[in-house]
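Asks: Given chain A, put chains B and C in place with the hints provided.
The chain contents come next:
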Amino acid sequence: MMTWIQHHPMTIVGLVLWATGILWLMPGKKASKPRAHMIGVLIVALGLVTFCLSSGKAQSEFADDVMFWVFAIGALMSGVLMITARNPVYAALWFALATLSTCGLFLLQHAPFLAAATIIVYAGAVIVTFLFVIMLAQQSGAAGYDQRSSQSLFATISAFVLLGAISLTLQSEKIDIARPSLDVVDSSGASSAATENMGAAIIADLPSTDITPVMPGNVMSKADADHPVGNLKGLGKSLFGDYLFAVELAGTLLLVASIGAIAIAPRREQGAI
Amino acid sequence: MTPEEQRFLLVGAGLFVLGAIGFITRRNLILMVLSAELMLHGVSLTLVTFGRMHQTNEGQAFTIFTLTVAACEAGLALSLVLSLYRKSHSLDIQLWSELRESDLSGPVLDSFGERGDATSSYENIPKLTPAGIAPKDPPRASTSASATTSTRT
Amino acid sequence: MSEDIQQLILWLIPAAPLLAAISTALLGPKLLRHKSHLPCWSALALSFVCSLILLLKILPTVELAAAPVEGEVAIAHSATGPQVIASGYEWFSVGSLHANIELRADSITAIMLSMVTGVSLLVAMFGSGYMSHDPGYPRFFAAVSLFVFSMCMLVLSGSFILLFVFWEAVGLCSYLLIGFWFHKPSAAAAAKKAFVINRIGDFGLIMGIFLIWKHFGSLDFMTVLGNAARIAEVDAKNPGVIQLICFCLFLGAMGKSAQFPLQVWLPDAMEGPTPVSALIHAATMVTAGVYLVARCTPLFVMAPNAQMAVSGIGAATAAIAALIALTQTDLKRVLAYSTVSQLGFMFMALGCGAASAELVTPAVTAGMFHLFTHAFFKALLFLAAGSVMHAMGDVIDMRRFSGLKHALPITHWTFLVGAAALAGVPLLAGFWSKDDILAVLQEASRSEAHGLYFGVIRVIAIGAAFLTAFYTFRAYFMTFWGPEKFPEEAGHHPHEVTPIMAWPLRTLAFCAAGIGLIVGPTHLFGDYLQKTMGLTPEHEHHLHWGVMLMSSIIAVAGIGFAWMFYVASPTIPAAIARTMKPFYVLSQGKFFLDEIFTGLIVLPLLGIAKLATLFDKYVIDCLVDSVGRAPKALSTIPRQLHGGVVSSYAGVMWVGVVTAVVLVLTMF
Chain A
382 MMTWIQHHPM TIVGLVLWAT GILWLMPGKK ASKPRAHMIG VLIVALGLVT
432 FCLSSGKAQS EFADDVMFWV FAIGALMSGV LMITARNPVY AALWFALATL
482 STCGLFLLQH APFLAAATII VYAGAVIVTF LFVIMLAQQS GAAGYDQRSS
532 QSLFATISAF VLLGAISLTL QSEKIDIARP SLDVVDSSGA SSAATENMGA
582 AIIADLPSTD ITPVMPGNVM SKADADHPVG NLKGLGKSLF GDYLFAVELA
632 GTLLLVASIG AIAIAPRREQ GAI
Chain B
116 MTPEEQRFLL VGAGLFVLGA IGFITRRNLI LMVLSAELML HGVSLTLVTF
166 GRMHQTNEGQ AFTIFTLTVA ACEAGLALSL VLSLYRKSHS LDIQLWSELR
216 ESDLSGPVLD SFGERGDATS SYENIPKLTP AGIAPKDPPR ASTSASATTS
266 TRT
Chain C
5 MSEDIQQLIL WLIPAAPLLA AISTALLGPK LLRHKSHLPC WSALALSFVC
55 SLILLLKILP TVELAAAPVE GEVAIAHSAT GPQVIASGYE WFSVGSLHAN
105 IELRADSITA IMLSMVTGVS LLVAMFGSGY MSHDPGYPRF FAAVSLFVFS
155 MCMLVLSGSF ILLFVFWEAV GLCSYLLIGF WFHKPSAAAA AKKAFVINRI
205 GDFGLIMGIF LIWKHFGSLD FMTVLGNAAR IAEVDAKNPG VIQLICFCLF
255 LGAMGKSAQF PLQVWLPDAM EGPTPVSALI HAATMVTAGV YLVARCTPLF
305 VMAPNAQMAV SGIGAATAAI AALIALTQTD LKRVLAYSTV SQLGFMFMAL
355 GCGAASAELV TPAVTAGMFH LFTHAFFKAL LFLAAGSVMH AMGDVIDMRR
405 FSGLKHALPI THWTFLVGAA ALAGVPLLAG FWSKDDILAV LQEASRSEAH
455 GLYFGVIRVI AIGAAFLTAF YTFRAYFMTF WGPEKFPEEA GHHPHEVTPI
505 MAWPLRTLAF CAAGIGLIVG PTHLFGDYLQ KTMGLTPEHE HHLHWGVMLM
555 SSIIAVAGIG FAWMFYVASP TIPAAIARTM KPFYVLSQGK FFLDEIFTGL
605 IVLPLLGIAK LATLFDKYVI DCLVDSVGRA PKALSTIPRQ LHGGVVSSYA
655 GVMWVGVVTA VVLVLTMF
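Chains as they are written, first to last, in my numbering: chain A, 382 to 654; chain B, 116 to 268; chain C, 5 to 672.
Just chain A, with the same shape it has in the complex (with noise of 0.2 Å):
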């Protein structure tokens, strides 16, 4: 702990900047000026850059590199903004960003087929629903609850303490989870270097030879040269070969979901809303 401490001090700067700002964001007793609101969304970008710039430096392209930067950033940000903002209204719009940000994440892993999903539900379904539900709702204007937070101190303190195990935990040296190269697919594989660098290192008790980098089961799911992933086709073969039933689980689900969703919303009567 400590000498993760000394080793990375820059994440911990970076953290406790970030504690510091969502707190002082944080709607309050305290009056909002706009230049103390500006103040604390300084103090969160510098707790923010600091804490990404301590996570190590990738070998990928400048560009990519600039690409991450962005969206992390920008996701980091508008969920800070998100969760601090006094309106409503804001909220939703500054959680719309965050998806946004997100789904940019979500290209840079090479998921689009995720990605454009993931805005199509959300920015055009979900953020709507919820801004026709904040503007039936809140009709009057700002209200008093939204002026105030409970227990912000203990939640942030809490959340920090966990996101700091974590990168602990992400940064140490122990940590190495090797990667199957795309050759080293057979589970079989009898003592390759990737499976015994594995064993050694994250369960050093366990004989290397039971640890497999890919679970046997789910042979469609795997990629491969012809369908890297993110393939559009290597996810249909996994969606619809491993998962199958699963996904029509979900379908269900979601007839259900909307069945239910129609049950429990009040029935419009005159004068309500």
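Hint data in this document are derived by calculation from the structure and do not stem from the laboratory.
Careful: at least some of the hints might be erroneous.
Claimed, not checked - Computed list of lysine to any residue pairs in SDA-like fashion (alpha-carbon distance at most 25 Å, straight line): (1) C/636 - B/215; (2) C/636 - B/212; (3) B/202 - A/513; (4) A/618 - A/644; (5) C/636 - B/151; (6) C/585 - C/609; (7) A/618 - B/177; (8) B/202 - A/647; (9) C/409 - C/511; (10) C/636 - B/177; (11) A/618 - B/219; (12) A/614 - B/177; (13) C/489 - C/500; (14) B/202 - A/517; (15) C/39 - C/499; (16) B/202 - A/508; (17) B/202 - A/645; (18) A/614 - B/182; (19) B/202 - C/648; (20) C/197 - C/511; (21) C/39 - C/197; (22) B/202 - A/646; (23) A/614 - A/493; (24) C/636 - C/657; (25) A/614 - B/161; (26) C/197 - C/409; (27) C/197 - C/489.
Claimed, not checked - Listing some non-contacts, in silico: residues in chain A with all C-beta distances to chain C over 10 Å: (28) 414; (29) 502; (30) 512; (31) 535; (32) 546; (33) 547; (34) 549; (35) 618; (36) 621; (37) 629; (38) 633.
Backbone N, C-alpha and C fix where the C-beta goes; we use that ideal spot for every residue, glycine too.
Replies: Same frame as chain A, but now just chains B and C:
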């Protein structure tokens, strides 16, 4: 794990944690639902990263299911929120605490969070929310009657 | 007669009333309603016929059968006498204890069965008239049927364990029927009293059964009672144990047969409907104790001290009950005390075997004969008293009515027959049996061993017999003679019994008059009974003319005094009551036995109970309450978390998640 994947995971964790903070601290029902969605984003990002680490499409397939469930959840949550709103004319989560220990007093409502009265908000706030930052807290709610009339007219 | 039919008949005797009880209980309230007596009647009639077949047809032929036959119906004629056994099934088997459901009929059983089912049938017929306006009509017949079933099983049981079960079952039926009008506090209290006092006796009985099991290794009548050599062996091995067993068994008999000092429940049991008093508390159930002692004669002959105790307790009971009966004004209570007194007579006779071995058989015969005749005339007296009650609008206090002989002619002459039989008027039933008892006592008092003891008992018996005649006719004269007087509850004109009530009365009157003469002096009864195991047939019969003369004189004298006191010059009783005030009060107050019991037993127990209550309330409850308060006290702080707000719950959950994740992560 490459540093690239590591930072994606860190972003996912950050989103998740932010959503949790929002869920705990905010009192607006809709904002709580939105925070839950933000947590789901963090999870989705992590799943996709894991899938890429393992060179499999399962992560993305799972994310699609997450998306489905999130959509269902959003629909149901919104209809529930509407039902609750119909009953209390407020989106304040603290109004709904019937399950507390019976001898404990109800939630400590803020001076301007009067129960069941959505109009007891700021005196000077116009109906349409203005762009920019919300104005200062109003004086304490001795003027709720006039606020009511002013907002109705 | 084939074995199958014999077995069927044997099973039918208890099974028919049981079926009647079940069907009446199930169908009665909804379906049968005022026809609820039909199952009971038919079942009892069937049982009665089967009992008569058993008595007259089966057992006399069994005697001719030679060797014991293996099989379902084992017929044996050996030391155990003629008997029919119908095996059912094994009820349970624990270790070497095998409780079999098995019916065993021998002479004494057959006599008891015929008497029980016959009297029950007549009482049930009377009851259907007597109870006709009662809302609990089906319940009454269900309980009566159940009682007859239990009583039949009690006398048919072939082992002590089955006997105990049905001993308790008749106690239960008695409880149910005493408390038939349970909404009356006095009836409920009387039922409880009967049950509790019977528990004392039952304690003795079950202790006796345990002892038998310990020393004989079996509870079967045949094994325990049928082998005199085995009893002698046990006695030789454990001196005094037979005595102890007999005392324990007799304690059981004392409880059930209301012997001093446990007789206090029987007079209170008169709170039940009068047919029940006639059937259970006069004719049948209370004689179960006599039956038990007679049944266990082979054990009792080995324990002369126990037999002497039986006689002594019987004499004390007979005298005390007779003295109490002198001053009671409640007609049913007089009859109840006379029942207690007559039961004392039976026990007096049963104990006479202590005097000499030759006397055992006559003694048991005399006791059982008195039981037999008593059943008829006492049932008759109770039913007649019931019809008086019926006519008088449920008034039973003899001071409030008189001169009923013209208003209720049938009741009058049947009651007269019963009273004369009870008093021992020559040639009637009670005369012969009481005569037998006095004769046996006379024989016993001549013996060398315990002559003085039995001499005293004989004097007491003669005195009690005189008192019996007196108080019986006191009741008779007070009720039926004198100026006509009706209580206002009776309306203007009391109505005579309906035919359905009259015919049982007439039948019983005929039996009370004639049955003694038919079976007594002809020795039909004695010869039949003496085939029971443990008894030795005797062939010399002689009528005790001297005793007969004496008892006739006693009876006539008693009746004469009663006539003098209550008809000729009614001022005498009051004068005697004045001059002998302490005795009068003593008798009137039932020797204050209830009060003595209250002071000696109930109040100390209540004191202990109060102490226990205080202990429970202030010590145990305190401990228990503090155990209950501890979690409450501990919970005051965490309870604050339960504020009902979702956010705080989510916060608590979040802390849990963070803790868990951080713990897991720091493991690496």
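Asks: All hints, please: hold or fail.
Replies: Hint-by-hint comparison with the structure:
| no. | hint | result |
| --- | --- | --- |
| 1 | C/636 - B/215 | holds, 16 Å |
| 2 | C/636 - B/212 | holds, 22 Å |
| 3 | B/202 - A/513 | holds, 18 Å |
| 4 | A/618 - A/644 | violated, 36 Å |
| 5 | C/636 - B/151 | violated, 36 Å |
| 6 | C/585 - C/609 | violated, 33 Å |
| 7 | A/618 - B/177 | holds, 13 Å |
| 8 | B/202 - A/647 | holds, 10 Å |
| 9 | C/409 - C/511 | holds, 19 Å |
| 10 | C/636 - B/177 | violated, 46 Å |
| 11 | A/618 - B/219 | violated, 56 Å |
| 12 | A/614 - B/177 | holds, 16 Å |
| 13 | C/489 - C/500 | holds, 15 Å |
| 14 | B/202 - A/517 | holds, 14 Å |
| 15 | C/39 - C/499 | holds, 23 Å |
| 16 | B/202 - A/508 | holds, 24 Å |
| 17 | B/202 - A/645 | holds, 13 Å |
| 18 | A/614 - B/182 | holds, 19 Å |
| 19 | B/202 - C/648 | holds, 18 Å |
| 20 | C/197 - C/511 | violated, 33 Å |
| 21 | C/39 - C/197 | violated, 32 Å |
| 22 | B/202 - A/646 | holds, 12 Å |
| 23 | A/614 - A/493 | holds, 12 Å |
| 24 | C/636 - C/657 | holds, 23 Å |
| 25 | A/614 - B/161 | holds, 22 Å |
| 26 | C/197 - C/409 | violated, 36 Å |
| 27 | C/197 - C/489 | violated, 34 Å |
| 28 | 414 | holds, 27 Å |
| 29 | 502 | holds, 25 Å |
| 30 | 512 | holds, 23 Å |
| 31 | 535 | violated, 6 Å |
| 32 | 546 | violated, 4 Å |
| 33 | 547 | violated, 7 Å |
| 34 | 549 | violated, 7 Å |
| 35 | 618 | holds, 34 Å |
| 36 | 621 | holds, 34 Å |
| 37 | 629 | holds, 32 Å |
| 38 | 633 | holds, 29 Å |
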